[in-house]
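Colleague: Residue-level listing of the chains:
2 protein chains.
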Amino acid sequence: MSAALKKIVIVGAGLIGGSFALALRRAHAVEQIVGIGRSAASLQRALQLGLIDAASTALPEALQDADLVLVSVPVAQTEAVLRAAQPHLSAHTVVTDAGSIKADVVAAARRALGDRVGQFVPGHPIAGREVSGPDAAIADLYVGRKVVLTPIPENDIAVVERVAAAWRLTGAEIHHMKPEQHDAVFAAVSHLPHLLSFAMVNEMVCRPEADLLLQYAAGGFRDFTRLASSSPEMWRDISLANQQAILVELDAYIAQLGRFRGQLAARDGDAMQAMFSQAQRARDAWLQRADANAAQQKTDEDA
Amino acid sequence: MSAALKKIVIVGAGLIGGSFALALRRAHAVEQIVGIGRSAASLQRALQLGLIDAASTALPEALQDADLVLVSVPVAQTEAVLRAAQPHLSAHTVVTDAGSIKADVVAAARRALGDRVGQFVPGHPIAGREVSGPDAAIADLYVGRKVVLTPIPENDIAVVERVAAAWRLTGAEIHHMKPEQHDAVFAAVSHLPHLLSFAMVNEMVCRPEADLLLQYAAGGFRDFTRLASSSPEMWRDISLANQQAILVELDAYIAQLGRFRGQLAARDGDAMQAMFSQAQRARDAWLQRADANAAQQKTDEDA
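Sequence order for the protein chains is E and V. Take -7 as the starting number for the first sequence in my numbering and just add one per residue. Take -7 as the starting number for the second sequence in my numbering and just add one per residue.
Excised from the complex, chain E in its bound form (with noise of 0.2 Å):
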C-alpha cells in the first residue's frame, strides 16, 4: 500500500503534533515525517521517540515538496511561524493549524501568509492530556475526538479535503464551523470554565486564610481547580485573541451568578432547587450522551 502523502512538516512536535505524526504512522498514511521547532532538545527528542524522521531547523529545505504541514504551536507564535514559512511553500503543500482561537490565527494567517492564504485551512483538535512535550504524545490521542476545521473563502474545497482527510486516518471525527462561530462555542465551553478555574484558585490563595482554607480543599475543589494547573502562557494568549467572545460569557456568566445571589439574599429556595434541578439534569444527560459516543466509537473501532 502507498503511503497518501509523501512528505509532511510537524512545527512543534510536542503532544499535539508528535500524536498527529504517530497516527499518520500508525495508518501508513505518510513516508516522511520532518519536525521543526524552536527547541534543539525537544527536536531530539522527537527524533528518539520516533515521532519524526528528520529534525530540521533550515525551513527552506524542510518545505521543499512537503504536502501538509501541521503548525502546532502556541497560538500568538503561529503569525511568525507562517510569516517565515511563506516564501517557501510550495505550490501544491497545504498548511493547517491546531490553535485552539480560530479567527485570530485566520487574521494573523492573512498577514503572514498574503496572496497564498487559501493554501492555509485552520484548525482546531478537540483533544488534550494533561501532560505537554514529545514524551505526551500518543498514536490514539484523536481517536473519536472532533477536529473543527474553520475553512475560509480562499480554501478551494479539495484543499480543506486534503487536510480533513490526513485528519480522519488518525481516527477523528470531522467537523466544519466558521471561525467566528467557533472561537463563541470554545469561549463558552471551554475558555470561560477554565478562567473561572484560574479565578476561584486565585481568589483563595490571596487571603490571609489561605493556609486554612486550602487544608480543608477535598475532591470536588480537585476537579473544579483542574483547568487551573493548565499553562499560564497558553491562557494568555487565548485571552487576548479570543477576547470579544470571552467578554461576552464573563458578562454572561456575571449575570448568572448576580441573578442567583438575588435568590439566595431572598431565600428564595425553590427558584434555587428549581435552577440546580435544571443544572443536573442537563448536565447527567450530556453526560450520558457523551458516554454513550464514546462506546458507540470504541464499538466503530473494536468492529
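Please note that the accuracy of each hint is not assured.
Pairs involving identical chains hold if they fit within one copy or between any two copies, as the list cannot separate such chains.
In silico EDC-like links for lysine to aspartate or glutamate, alpha-carbon gap of 20 Å or less [said to hold, decoys possible]: (1) Lys170 <-> Glu23; (2) Lys138 <-> Glu153; (3) Lys138 <-> Asp107; (4) Lys170 <-> Glu153.
Because the hints were derived from the structure by calculation, they are not lab data. Small disclaimer: the values here were computed from a predicted structure and weren't measured.
Chain E is fixed; fit chain V onto it per the hints.
Modeller: Chain V only, in chain E's frame:
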C-alpha cells in the same frame, strides 16, 4: 476483645451512615447497630447489606441505652430528628451528626434538645462519593479523611472525645473548629465551587444554542461541572443554611471576576498571566501536598 460500643443508632443508613457502620464493624468496635429511617425500603436494604443489625421505626426502643447516635440525614431534617429523639435520650447517650454546615445545625440542636444539647457534638466528615444510598456504603470511606468536630460550650470534653474516638476507629483524622469558622471555610472550598458549577451549566443550557455548545464540551467541561451533578435538594438546603457565609464568598468571587474582566478589557496580558501563574503554582503546590498526605496515610495503614 470486647467492643468499645454496645449499641449505636444510625439515623439515615445511606452512604455516610452506612459507611460509618461498616467501618466500626470492621474495627470490631460495636456490638449492635440499629438503623432508623423514613424509607422502609432503604432500611430493608441496609439490613440485607449488613450495614445494620436491626431496623427500627420505634424511636423510644431504638434509642434505649444507645451509646452513640449518628444523625446522617439532609441538614434541613436534622432539627426534626433531634426533636423526636430528645424525650428518649438516655443520660449517657451521645449524639452527633454528619451535616455539611454547622452553625445552623447547632442552632437547630439548641431548639430541639434544650438542656440536653450538651449531649450533642456537631460533626462533619469530609468524605463522599458520587453515588448515594445504602448500596454506596463502603468500610473505608473515612480512611485518611478529615472529620471536623465543632464542639459547643455545653459539651463536656469527655463527650467530645467519645465521638472523636468512634470516628478515629473508622480511620479518620479528627479536626476541631468553631461552627462559624467551619461554615466560612466550607463556603469557600466546597459550597462556592458547587454553586459556580451549577451556575455555569445553567447559563449554558438556557440558551437557544445549548445543543451546539454541549456538543463541543469536552474533558475540561466534564471536570469543571462534575459538582453540578450533585443533589439539588441538598444544595438548596446548604445554600439556605449557610446563606451568610456563601454570600460573602459569592461577592468576593464576583469582585475577582470583575478584576479579571478589567484586565481582559484592557488587554493587560502581563496582569492576566501573573494571575494565572499564581493560581497554577498554588494549585500545583496544594495538589502535591494533598497527594503526599494521601501517600503517607497509605504507608501508615500498610505499616
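Colleague: Indicate which option fits the pair Lys170, Glu23 if close means a Cα-Cα distance not exceeding 20 Å: within, between, both or neither.
Modeller: Neither. Shortest intra-copy (32 Å) and inter-copy (68 Å) distances fail the 20 Å Cα cut-off.
Colleague: Is the C-alpha distance from Lys138 to Asp107 at most 20 Å within one copy, between copies, in both cases, or in neither?
Modeller: neither (29 Å within a copy, 64 Å between copies)
Colleague: Can you give me the call for Lys138 and Glu153, within, between, both or neither, at a CA distance of at most 20 Å?
Modeller: within (16 Å within a copy, 56 Å between copies)
Colleague: Is it within, between, both, or neither for Lys170 and Glu153, if the alpha carbons may be no more than 20 Å apart?
Modeller: within (16 Å within a copy, 65 Å between copies)
Of the numbered hints listed earlier, those contradicted by the structure are 1, 3.
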